[in-house]
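J.: Residues per chain, in single letters:
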Amino acid sequence: MKQLVKFSVASVLALSAFAVQAGTLQDVQANGSVKCGVSKGLAGFSAADSSGTWTGIDVDVCRAVAAATLGDATAVTFVPLTAKERFTALQSGEIDMLSRNTTWTITRDASLGLNFAGVNYYDGQGFMVKSSLGVDSAMDLGGAAVCIQAGTTTELNLADWAKSNGIVYTSVVSDTNAQTLSNYDAGRCDVLTTDASGLYSMRAASNDPSEHVVLPEIISKEPLGPVVRQGDDQWFNIVRWSLNAMITAEEIGVTSATVDVVSNNPERERLMGRSGNTHEYVGLSSDWTYNIIAQVGNYAESFERNIGLNTPIGIARGVNALWTNGGILYSAPFR
Amino acid sequence: MKQDKTLLSFLNNNETRAIAFQVITLLIIAFVIYSGISNLMFNIEAREIHTGFAFLSNRAGFDINESMITYTPEHSNLQVFYVGLINTLVVAVVGIIFATIIGLMIGIARLSNNWLISKLAGGYIELFRNIPILIQILFWYNIALLTLPSPRGSFGFFDSIFINKRGIYVPEPVSEPGFVWVLIAFVLGIVLTVFMRRHFRQKHDKTGVHTNTLGYTAGLIFGLPLVVFFLLGSPMHLDYPSLQGFNFKGGRTFTPEFLALTFALSVYTATYIAEAIRSGIEAVNKGQKEAAAALGLTQTQSLKLIVLPQALRVAIPPTINQYLNLTKNSSLATAIGYPELMSAFGGTVLNQVGQAVEILGMTMAVYLVISLCISLLLNVVNKKMSIKGR
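As you go down the protein sequences, you meet chains B and A in turn.
Residue numbers for the first sequence follow this note's numbering, beginning at 2 and rising by one.
Residue numbers for the second sequence follow this note's numbering, beginning at 42 and rising by one.
None of these hints come from the bench; they were simulated from the model.
A few of these clues could be false.
[What the hints assert, rightly or not] With a cut-off of at most 25 Å between alpha-carbon atoms, the simulated DMTMM-like pairs for lysine to aspartate or glutamate come out as follows: (1) K164/B to E218/B; (2) K36/B to E89/A; (3) K290/A to D137/B; (4) K36/B to E86/A; (5) K164/B to E115/A; (6) K290/A to D141/B; (7) K222/B to E281/B; (8) K424/A to E316/A; (9) K290/A to D161/B; (10) K290/A to D186/B; (11) K222/B to E305/B; (12) K131/B to E218/B; (13) K36/B to E281/B; (14) K222/B to D110/B; (15) K222/B to E115/A.
So that you can see chain B by itself, here it is in the shape it has in the complex:
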């Protein structure tokens, strides 16, 4: 199966000379939908419910881009990808953008022919163990077997951290999130490591969340964000500024409920497309940001709806709060 995917990706890469020439925006508008690569199932970030509707903060970035480019947040074709498949899928043009809790690193940004369009969640790598193990610090994990997903930055961080702390461990790798979780549940390993947000998401999805403890140590920086192919600056700008629009809307205080309220705040009027001509610069209609906020909501709405304290996942805003509220979430101005 996996080989098949890779071979086909390689052949698509080989035979798609013409796809690269056309602009991604034109392709998207011609197809009437945005092909967006997402995780195969990580509650709160991207997961399909029983009726097949995708939700999550990563999904909301796809929806924001669809609302901006097509005026319809539901015009998204979701392509679920494993960590190993994601970059090849984007490079080959199988998807238009990737929004799959992907860490922004220099190697990925500079050598894969890809560009990171921003950060929609500031994360860090953590550890989760079963409460029954009686461990309360990652420093006590010497000799443990660690469940981990193959082909992630997590795998590299763990090796670095273990080396610098003189900890010996055994790694147990799996291809998918689901297999990693089932290995951990079955007791193949003592500890599961991935981005802290992923740990909270998995804990919430388990039968009894109180059986698992997320350890206090955060061993890495994991800025997660949407990714596009290098070489299409217009599309890059659209994705970057769709995300920025959601963050700016929170800053100004526009929500999906209040988009139609006309105010005397010039920045708000500019963001809502009622004055100024910034839409021309990205090649979209003047209501592109209006559509994003009206149909998807601002960043705070997306966050609280999917992973906030009132959801089973229950993550506090923390570093993901606006810069004005003690976090590091910051958008360049709409001007």
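Once you've looked at the hints, dock chain A against the given chain B.
T.: The following block gives chain A in isolation, referenced to the frame of chain B:
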């Protein structure tokens, strides 16, 4: 007028046409390959994807839990390639040995006169041959993880072998200085056995007196090294596994990934080998067995001297084909995370480095070379086994 006729007949000539069509086909194939490659180069360049093989010497940076050679995250991606390659070969060799043993037993059992044994063997073949191998691998893996105890509640045998979810832990022999003499004695034993057997065969040819060489063989191959071993004062000790902290340490570990993979591959491939053996035995003319019986050979002698040599000639080519399939199927290990070539190199390194064309090219080349080597072996064996002088 005359010239036209020659031209026409030249164009109508079957041979000319055949050559022309072949040339056209060749040109089309060459064009497709050429445009594919040039498109690929163009796209890679247009997207500014990093190319070349420099990544092989870069630090890998991730851990692999199973390796026959030294490996740490400090090693290069090339070392990951070797680790994966060796793991693939280990799975292939172990799988081939077990598949052959199981297949031979099932194949012979299938032809047994005992109704129950023959039906059981038939049931085994139909069951395991008709379930996709990937599902079998996942099945055995998850069964092992679900049914076995955690490390602290391991099944222990004689305080030296332990079985739990993390694998099977067995004592590992650790050689001390001087052990090399035991190995030399072992090799010497084998060489002497060959000479000894030749001697007794010549004696048999000359005088017709049959000597049972089993005792001598055992004495030379096992007795001699044992004597040397004890004379040198047992230059080897066993490293026993013991529970330390979370897991067992020491000894040798067979992980559930390795066990599930080799078990599933052996059990699956054995069904095909069993069928090959059965067809081989059935291909031997009934008259041969009857003639053997008429000459007064016992059942065993008839099987060993008359039936099997002829049956193997038919059975070996399809069996070696199955060895080839087993080796290629080992790449399914990526589903359960056993670090063989496709999983460790074609999967993890590919994702960390992102150079799909180079990495998948190398991976495909390795499988191709392994498969070609096995087919070469097949051809050699086939030539040797084929009936001579007919």
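J.: Just to be careful, I want the Cα atoms of K290/A and D137/B compared with a cutoff of 25 Å; is the pair within it?
T.: It holds: about 23 Å lies between the C-alpha atoms, which stays within 25 Å.
J.: Are the Cα atoms of K131/B and E218/B separated by 25 Å or less?
T.: 16 Å, holds
J.: Is the straight-line distance between the alpha-carbon of K36/B and that of E89/A 25 Å or less?
T.: Since the Cα atoms of K36/B and E89/A sit roughly 22 Å apart, the hinted pair holds (cutoff 25 Å).
J.: Check the hint pairing K290/A with D161/B against an upper bound of 25 Å on the C-alpha distance.
T.: Between K290/A and D161/B the Cα gap is close to 23 Å, so the pair holds against 25 Å.
J.: Next pair to validate is K36/B with E86/A; report whether the Cα-Cα distance is within 25 Å.
T.: The hint holds at about 24 Å.
J.: Taking only the CA atoms, is the gap from K222/B to E281/B under or equal to 25 Å?
T.: 36 Å, violated
J.: Quick one, are K290/A and D141/B close enough, alpha carbons at most 25 Å?
T.: 17 Å, holds
J.: Are the Cα atoms of K222/B and D110/B separated by 25 Å or less?
T.: Judged against 25 Å, a Cα distance of about 16 Å means the pair holds.
J.: Take the C-alpha atoms of K222/B and E115/A, compute the straight-line distance between them, and say whether it is at most 25 Å.
T.: Within the cut-off at roughly 21 Å; holds.
J.: Against the 25 Å threshold, does the CA-CA distance of K222/B and E305/B hold or violate the hint?
T.: 22 Å, holds
J.: Does E218/B lie within 25 Å of K164/B when you go C-alpha to C-alpha?
T.: Within the cut-off at roughly 16 Å; holds.
J.: Between K290/A and D186/B, does the CA-CA distance stay at or below 25 Å?
T.: Distance of about 23 Å is within 25 Å: holds.
Hint violations for this structure: number 7 only, all remaining hints satisfied.
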